[in-house]
Every structure is written in C-alpha cells, then in structure tokens.
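Protein chains in written order, with the numbering used here: chain A, 5 to 202; chain B, 41 to 221; chain C, 121 to 247.
Quick caveat, the hints were computed from the structure, so don't treat them as lab data.
Worth double-checking, as some hints may not be accurate.
[To be verified] Where chain B lies over chain C, by a calculated footprint (3+ residues, C-beta under 8 Å): (1) 151–161; (2) 166–175; (3) 178–188; (4) 192–206.
[To be verified] Chain B regions said to be covered by chain C (calculated; three or more residues, Cβ under 8 Å): (5) 116–129; (6) 134–147; (7) 167–175; (8) 185–197.
[Claimed, not checked] On the chain B side, residues computed to face chain A include the following (Cβ under 10 Å): (9) E90; (10) L95; (11) P96; (12) V107.
A virtual CB, placed ideally from N, CA and C, is assigned to each residue, including glycine.
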Amino acid sequence: MTSLAKKAGFVGFIALFVAASMFAAMRYAEAQSNPNSFNRLLKPASERNAPPATDGIHDPTSDGTALLQTPLEAFDPLAKSNSGNYVNWNQALDDGGIAPWYSVSNPNAAPIVLDMNIVREVKGSMPNVVYPHKQHTEWLDCANCHPAIFIPMKGANQISMASILLGEKCGVCHGKVAFPVSECRRCHSQPKEAAARQ
Amino acid sequence: MRQKPALVLLTTLLLTLAAGIAAGNWKTLRNDQLHDPSNPSLRVLQDPEEALALLPPDTAGNMVNWVTALQRGIISPRSSLREDREHEILDDDVLMLDTMPLPYVRFPHRPHSEWMGCETCHEKLFVSVAGANAINMGKILDGQYCGVCHGAVAFPLTECNRCHNTDSSTVSGARPGGTLP
Amino acid sequence: MSPSARGRRIGILCAGLLPVAFAWGEYADVILNSRSEAEGVAPVIFPHWFHRIRFRCSVCHVELGIEMRVGSNSMRMDSITNGEYCGACHDGQTAWSVDNCDLCHSGRPGLATGIQGGHQTGGPGKY
C-alpha cells in the first residue's frame, strides 16, 4: 500500500512538473509572439551564453555538438561584464583566471606590453577617448593593428563612430570579439572638463 | 445580371473602406513622413499597427482607448523602474463649473492616477486646492494645464464632450473645484 | 478683455481645433532635432505609443525627471550613456543599448523639434 502511494505520489509529481514546464514554455512562447511584450528587441538574460545545441548556429542533431564545451561552463569562474560574452576578458587575464599562450610554438613566451595612453578629443558632448596600449598589447601584437588598421603616427588616423559601427578601425574587434560598442564609457572615459584642466 | 460585377465592385470597395476605418488607419513607419525610408533599421522598429491593433479601439489620437486597455489589463505598463512601487489611486471626480455655455467638466481622478500617480501633475501643473487653478480653454489649447497632455499624447482637444460631460441641471449645490465621490 | 485680445483668443481656439491637413507620424510622436542634425546625426523620433504600453507616465516624467515640454530637456549622448534620460533603460539590460544609433536617430532630414499633435489638432501652442 505504501509503495502504491509512493508510486502515485511520484507520478503526481512528474505530472505536476510536466504541467509546470509546459506552462512556462507557453508563457515564454507568448512573450516571444506578443508584439507588446516588454523586451521586444532584447534577448532575455536566460538566453545569454546559450549552449551549442540551442545557440541557433550549431546543428543540434550532430554528435559533435554535444561534445563541445558550453560557454557558461568556461565563463563561470571568470570576472563578469554586462555585454558581449558577459566576461570581463581583461580582468580575467589580470586575475590569472586564464593564461592564453602568446606564441604558437612557445608556451612560455611573454607579450611585449606597451604602457602608453592615447587621448583622442571627440566632437559633441561625449567625454574624450582614452586608448590604453597596455590592455591591448597584453592580448595583441603590435602588427595586429599597425600599420594596416592604424597608422602609428599622431593625427594620421581618421576615426568616427560611423566607421567603427561599420566594422572599421576599433570596430574590427569591438563589436565582434572585444567588448561591444554599446559600452560607451569604457572608451569615452575622460570628461572634457578634466581634459581642459590639464 | 449585368449589374452584378458593379455591385460586387462597390461592395468590395465599401468593405475595404470600412476595414480601413476599423483598422485605425495607422501609417507604417516607412510612409509616416517622419522616418527616413532609406534607414535600413526601419525594419527592426515596430509599426504602430502591429502593437495598437491589439488594443481597444477609439476614434481619435492613437485610435486606442488607453484607459480601457489599462483597466482591462490588456497592457500593464510599469509604474516605476523600481519593482516594488505601485501608483497611489485616487477615486474621486472634480467638478469644474465655470464652463460658460458648455456642459460642466467632471474630471475623473481614477484613470488619471492609474496612469500617472500624483506627482506627475501635483503640485507643478495643478495646485491641489479647490478653485486655485485658473484653467481656461485658451491656456489648454496653448499647451498648459490639461493641454500639457491632451492634444499632445492623451486624447486630443477635438473630443470636447469627453470632458464637458456633465449637464448643469443634473448637479446642484456643487462648488467650483469641489469633488464628487 | 479688450476686443483685440478677445479676437486673438478666439483665433487661438479656432486654429487649435482645425484638423491638420496631413497626418504625419503617429499621434504623440516626439521629434528631437535641436542638436542632432547640427552634430551630424539624423533627428530623433520618440514613439510615445510604444513606451506607454510598457511604462506609465510618471516613470519618465517623475522618476527620470523628463519635463513634459519638447525641447526643455538637455538630452545629450553624454548624459544618456551616463544612465540619465533614455539611458536609464537603453543600456543593453532593460532595453537595447545606444549603439543602435539609427533606431532612434531615424528621422527625415530637416524635421523640426516638436510633438506630432496627430491628425486631430495642430495646436497653436508650444508643442
């Protein structure tokens, strides 16, 4: 009798669970199809860093897809950010959370770090841009940017947000692999009054 | 029998016309004379019809009865950026008697406070003292008092009788600016 | 009241009630162009209808302090990216972020700052 009650309880629990997940799925589908849903154009937080099987670009029926690491598993121990991969890659590097190789042949090769800031005065109301060579050279080689993307000479580079958004200049990486262009203040970081005082 | 095609054509025309009126006649962003049709992002933006056709219809403004939409729970706009705050609802009506030949104005606090709480209007646009606000149609049409919203975002000022809604013979002993339950 | 003042008032009343000849935009669309085009971007069009489906009036007009008069708010990209005005939500968390320039800066060239009083009234006033 007790085992029957247990069984009934188990079946009831499963039924409740299935009903609850169906309800949640329906609510989710409704939110997706309702033109007046709250975040019409914004991906919900639950869909960020989707695993390969549901990320929309991998073939979910392939065996290989199941073997691939999920982004969340890799990102879990790393410093967080608000956009892009939702990982603060610079901090992850500084913290020692990751130690990417700098050379294809020598695991012990160290990057050539240049600690030099470039300040670019900008039009409009936005603060000036402070470009730090340090954080960039910790990841990249000089030749990644110079001279093809940026001519290493003061005043020789015309940069605009329009060209960046089209994937030129900073936009070669920012918006594709480095933090996206939505993080205005990470580049536009020096208020104009501060620049005027200097 | 020869008249039949003409009849069909006429019926179709009338039905199309009726559908056009019923649909609210919202313009697409591409054709609204405001948005730049060469902007590739227009396809990302929502056309008014997609959102507004789902809401209770009206005959003016956005062609949407926003008050009914809210009261029936068809939309549930947030009252605050903080999740724990709800609007304070005031459920009384204010009578305005100085309307010359027009019917009195019975201003309902309930739908207004449901949309706006108290602070949107008080004390900046309206003083909360009976008779202390020198409101007239000239000022309203000039975008003051009620005209801050009505004619700009709430139903337009051509809807005279929605505010001038109370026959003077039905109200006795009311004082200007006095409230009714 | 002097006859001329009375005439002017009646004129205002009549002008306000005249239907606008062309229906432009959706009722209550706001056009912001006091700086946009001068600084090299298209005018901003703010759709009230889209936002009032999601927020009640006081969220923007009390909590965020946006004055209910077109042109009386000093909205600049600097303050928006600092989380003021539109930036309170358009930060990539509550709503899409400001790098989608042309979703807001979507107006035709030469639009004047103002609110579309819709297809019912032109409004003689300061809209």
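Quick rundown of the hints versus the structure:
{"no.": "1", "hint": "151–161", "result": "violated (count 1)"}
{"no.": "2", "hint": "166–175", "result": "holds (count 8)"}
{"no.": "3", "hint": "178–188", "result": "holds (count 7)"}
{"no.": "4", "hint": "192–206", "result": "violated (count 0)"}
{"no.": "5", "hint": "116–129", "result": "holds (count 6)"}
{"no.": "6", "hint": "134–147", "result": "violated (count 0)"}
{"no.": "7", "hint": "167–175", "result": "violated (count 0)"}
{"no.": "8", "hint": "185–197", "result": "holds (count 8)"}
{"no.": "9", "hint": "E90", "result": "holds (5 Å)"}
{"no.": "10", "hint": "L95", "result": "holds (8 Å)"}
{"no.": "11", "hint": "P96", "result": "violated (13 Å)"}
{"no.": "12", "hint": "V107", "result": "violated (16 Å)"}
Of the numbered hints given earlier, the model fails hints 1, 4, 6, 7, 11 and 12; all others are met.
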